[in-house]
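Peer 1: Here the protein sequences line up with chains A and B, keeping their order. Per numbering that gives the first Met the number 0, the very first residue in the first sequence carries number 0; after that it's consecutive. Per numbering that gives the first Met the number 0, the very first residue in the second sequence carries number 0; after that it's consecutive.
Please note: incorrect hints may appear among the correct ones.
Note that identical chains are pooled: a pair holds if it fits in a single copy or bridges any two copies.
Derived SDA-like pairs: lysine to any residue, alpha-carbon spacing no greater than 25 Å straight-line [to be verified]:
#1 Lys228 to Asp204
#2 Lys228 to Asp166
#3 Lys222 to Asp375
#4 Lys222 to Ser264
#5 Lys222 to Thr19
#6 Lys222 to Asp73
#7 Lys222 to Arg115
#8 Lys228 to Val257
FYI, nobody ran anything at the bench for these hints, they're computed from the structure.
Number of protein chains: 2
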Amino acid sequence: MRAEVLAVGTELVLGDVVDTNSAWIARRLAGAGVDSHFQTKVGDNVERIEAALRTALARSDAVVVCGGLGPTPDDVTREALARVMDVAMVRDDEVLERIRRRFEERGRPMPPSNERQAEVPEGAVVIEQRRGTAPGLICPLGDQVVYAVPGVPHEMSEMVDRAVVPDLEQRRGGRAVIASRVVRTWGEDESALAERLAPRIEALDRSPNPTLAFLASGMEGIKVRITAKAATAAEADALLDAEEAELRAILGRRVLGVDEETMESVLAALLGDAGLTLGLAESMTGGLIAARCSEAPGSSAWFRGGVVSYASEVKFDLLGVPEGPVVSERAAAAMASGARRCVGADVGLSVTGVAGPQTQDGMPVGTVFVGVALGDDVGTTQLRLGGDRTAIRRTASSAALDELRQRLLDHAG
Amino acid sequence: MRAEVLAVGTELVLGDVVDTNSAWIARRLAGAGVDSHFQTKVGDNVERIEAALRTALARSDAVVVCGGLGPTPDDVTREALARVMDVAMVRDDEVLERIRRRFEERGRPMPPSNERQAEVPEGAVVIEQRRGTAPGLICPLGDQVVYAVPGVPHEMSEMVDRAVVPDLEQRRGGRAVIASRVVRTWGEDESALAERLAPRIEALDRSPNPTLAFLASGMEGIKVRITAKAATAAEADALLDAEEAELRAILGRRVLGVDEETMESVLAALLGDAGLTLGLAESMTGGLIAARCSEAPGSSAWFRGGVVSYASEVKFDLLGVPEGPVVSERAAAAMASGARRCVGADVGLSVTGVAGPQTQDGMPVGTVFVGVALGDDVGTTQLRLGGDRTAIRRTASSAALDELRQRLLDHAG
Numbered sequence: 000m001r002a003e004v005l006a007v008g009t010e011l012v013l014g015d016v017v018d019t020n021s022a023w024i025a026r027r028l029a030g031a032g033v034d035s036h037f038q039t040k041v042g043d044n045v046e047r048i049e050a051a052l053r054t055a056l057a058r059s060d061a062v063v064v065c066g067g068l069g070p071t072p073d074d075v076t077r078e079a080l081a082r083v084m085d086v087a088m089v090r091d092d093e094v095l096e097r098i099r100r101r102f103e104e105r106g107r108p109m110p111p112s113n114e115r116q117a118e119v120p121e122g123a124v125v126i127e128q129r130r131g132t133a134p135g136l137i138c139p140l141g142d143q144v145v146y147a148v149p150g151v152p153h154e155m156s157e158m159v160d161r162a163v164v165p166d167l168e169q170r171r172g173g174r175a176v177i178a179s180r181v182v183r184t185w186g187e188d189e190s191a192l193a194e195r196l197a198p199r200i201e202a203l204d205r206s207p208n209p210t211l212a213f214l215a216s217g218m219e220g221i222k223v224r225i226t227a228k229a230a231t232a233a234e235a236d237a238l239l240d241a242e243e244a245e246l247r248a249i250l251g252r253r254v255l256g257v258d259e260e261t262m263e264s265v266l267a268a269l270l271g272d273a274g275l276t277l278g279l280a281e282s283m284t285g286g287l288i289a290a291r292c293s294e295a296p297g298s299s300a301w302f303r304g305g306v307v308s309y310a311s312e313v314k315f316d317l318l319g320v321p322e323g324p325v326v327s328e329r330a331a332a333a334m335a336s337g338a339r340r341c342v343g344a345d346v347g348l349s350v351t352g353v354a355g356p357q358t359q360d361g362m363p364v365g366t367v368f369v370g371v372a373l374g375d376d377v378g379t380t381q382l383r384l385g386g387d388r389t390a391i392r393r394t395a396s397s398a399a400l401d402e403l404r405q406r407l408l409d410h411a412g
Numbered sequence: 000m001r002a003e004v005l006a007v008g009t010e011l012v013l014g015d016v017v018d019t020n021s022a023w024i025a026r027r028l029a030g031a032g033v034d035s036h037f038q039t040k041v042g043d044n045v046e047r048i049e050a051a052l053r054t055a056l057a058r059s060d061a062v063v064v065c066g067g068l069g070p071t072p073d074d075v076t077r078e079a080l081a082r083v084m085d086v087a088m089v090r091d092d093e094v095l096e097r098i099r100r101r102f103e104e105r106g107r108p109m110p111p112s113n114e115r116q117a118e119v120p121e122g123a124v125v126i127e128q129r130r131g132t133a134p135g136l137i138c139p140l141g142d143q144v145v146y147a148v149p150g151v152p153h154e155m156s157e158m159v160d161r162a163v164v165p166d167l168e169q170r171r172g173g174r175a176v177i178a179s180r181v182v183r184t185w186g187e188d189e190s191a192l193a194e195r196l197a198p199r200i201e202a203l204d205r206s207p208n209p210t211l212a213f214l215a216s217g218m219e220g221i222k223v224r225i226t227a228k229a230a231t232a233a234e235a236d237a238l239l240d241a242e243e244a245e246l247r248a249i250l251g252r253r254v255l256g257v258d259e260e261t262m263e264s265v266l267a268a269l270l271g272d273a274g275l276t277l278g279l280a281e282s283m284t285g286g287l288i289a290a291r292c293s294e295a296p297g298s299s300a301w302f303r304g305g306v307v308s309y310a311s312e313v314k315f316d317l318l319g320v321p322e323g324p325v326v327s328e329r330a331a332a333a334m335a336s337g338a339r340r341c342v343g344a345d346v347g348l349s350v351t352g353v354a355g356p357q358t359q360d361g362m363p364v365g366t367v368f369v370g371v372a373l374g375d376d377v378g379t380t381q382l383r384l385g386g387d388r389t390a391i392r393r394t395a396s397s398a399a400l401d402e403l404r405q406r407l408l409d410h411a412g
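If we strip away everything but chain A, and leave its shape as in the complex, we get:
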């Protein structure tokens, strides 16, 4: 079964907004065992949405349309759907009532423009709106189907999981399952990883199930995606398990986790298991590592906080870094100890370096020192990173967290 995503919005084709919805929906499609070969974006124009829908329906069994369901006159996805279905628009009173209630809850009268959101193509099944005012739609077209969901991410995601994926899975029925797993690595670039895995890739080329693919993912490292096809989800999972074990045997600690396991979640588990708390001292990363550590719910169990010592004096005065060059091993070590002391944490992690565009302390752009204070030991590592300022800062944040991961693994024995 094939499905594809059509994202609607002039802001998308003009490039004013980066579309994250399509990738999110595509992951859900893959998870439901549905192939997805194309994605399209189109502006808020009824003729062009209609044309894009027809193109998509010529090559896929199902289309998920995202956006263009709002109350303003430029929201014309409903009209385009009615054209493709060749039906009239009808008012759905239940939908209208829910919109009215949504406004009442906010203590505001419903603006007349929102009435448009209760107009649906005849024959479409409404997906009740629970978060925003726009309902979703399931539009049958013979054997094919078009789903329409709002463009607001948290409305879209709730609706896709509640109504679109279950409907698709039912339609998919007993067809072959495609499952994939992402093995996340850090520490080697794509070509080095490819060389290391070359014998395994050659072996798989002779019987390509599962298959491997590399995804360079910036500060998330290099991902290796395993994709398996099988008659059932359980059989596909068994193939993925076996291949994951193969990759872990070859790559060792370069593997930081799989799928939803991130550098942060892995560190949370390692620190949690060891009963340790973390403090940070960040210079060139300027708060990026702290922001990543504090993103997950529950991070207060292990993350104490940190000092963003952007100015050198903050390093000297608050963190106790000795006077001298601040892009140095010595400064990184003192920062890691200072971080631990300042926020009362068990483990201190520090980063100092040159993000650019100018050199600093005679050190070239991309020079980074990482410090880890753990137990009686304060270790430092020097790195040399490439890319522009943004890339260097992001990569440094991951490299520092990985350094901490390696030390915690050593520590755990």
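Take the given structure of chain A and dock chain B to it, following the hints.
Peer 2: Chain B in isolation, oriented as in the chain A frame:
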């Protein structure tokens, strides 16, 4: 003239990677006065890339293909282009020589697989590769043209600006210019802003040039895009200038800037003009504000650093917050003063609140207190934000920065 972007990569259609390249290229197309009505993504499959190219060429004058130019066997954009052009592949020795040199500079021999990158469709003009190993291509197809650029963002962007945009502009010749400007606002939601602008929108509806469109952009606020069509760039600019002035008159300080002006860049200018430096104390935002402040080159001129006081003890011990509830006006005020003192800054900005998912100190999720210490004054503001944990943290970071902006504007004048 119409152009569209085709992004190639199985990781894109599987949703493993969010494509930011297409939006970036689309903005450049709009800037070059080229209409862009569609965007497509397709996996690494030569037949499907060919099909997507043909679909795009049936509705546009130019296509920018992004990705699939790497050295591995799944990089097949070159082959798909040769099929659409109906030509053979030929080796380009200059391209090969540049690839070899690139590896020499890194002190590594060129892997044999990279030779593939020197194969180009006959009749294509090579865009010299300056950052990575993949060259770009300009492929003429009668009156139409396909550009191919690498998928690595910093390689892509350099090549689009150096070779693709100038070539497109030349082809565009004397056709009408479409120019747009984004007016960035903070402080009101989309519907409140729409109500405020309703008379202006009605006036424009009667002669729709320029036109206005709203873009809800999360932590970047609500953007109002002005789009103008004219015979020359200068005339289009004049229309944009006049409309920007209209909007500023209606929206006042809710306008934080236009186009590339961000909350951070506006604050950098305000602080720079006043000769003031900034220190932060972040609790629920956990480093997000610091990361934003330190992102721009040159931020060390006004950003001193900050304390991420995630644990309550860090607030008490390091920032001097009095014992008691830490989600409170009193704590926010003490944090702002503490931030200033800790990092030796002129202005202190603080955020404390409940990002969720659990309530804290009896305060509901979404409660946020912002503190600004400026001169002898320490002001605080209470906010109530909606959304999930990630959205609350991001919105809080922008709301805090906007609070600082408003106080700096008061201070200046």
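Peer 1: Hint by hint, note whether the structure agrees.
Peer 2: Here's how the hints hold up against the structure:
Taking the closest pair of Cα atoms, lysine 228 and aspartate 204 come within 25 Å of each other only inside a single copy of the chain (15 Å); across copies the shortest separation is 54 Å, beyond that limit. For a Cα distance limit of 25 Å, the shortest separation of lysine 228 from aspartate 166 inside one copy, 21 Å, qualifies, whereas the shortest one across copies, 44 Å, does not. Proximity of lysine 222 to aspartate 375 under the C-alpha cut-off of 25 Å is found in neither arrangement, the shortest distances being 34 Å within a copy and 52 Å between copies. When the C-alpha separation of lysine 222 and serine 264 is checked against a cutoff of 25 Å, the pair qualifies only within one copy, where the shortest distance is 16 Å, while the shortest distance between copies is 34 Å.
When the C-alpha separation of lysine 222 and threonine 19 is checked against a cutoff of 25 Å, the pair qualifies both within a copy, at 19 Å, and between copies, at 18 Å. Proximity of lysine 222 and aspartate 73 under a CA criterion of 25 Å is satisfied inter-copy only: 16 Å between copies versus 39 Å inside one chain copy. Taking the shortest alpha-carbon separations for lysine 222 and arginine 115, only the inter-copy value of 23 Å comes in at or below 25 Å, while the best intra-copy value is 44 Å. In this assembly of identical chains, the alpha carbons of lysine 228 and valine 257 lie at most 25 Å apart only when taken from the same copy (19 Å versus 50 Å across copies).
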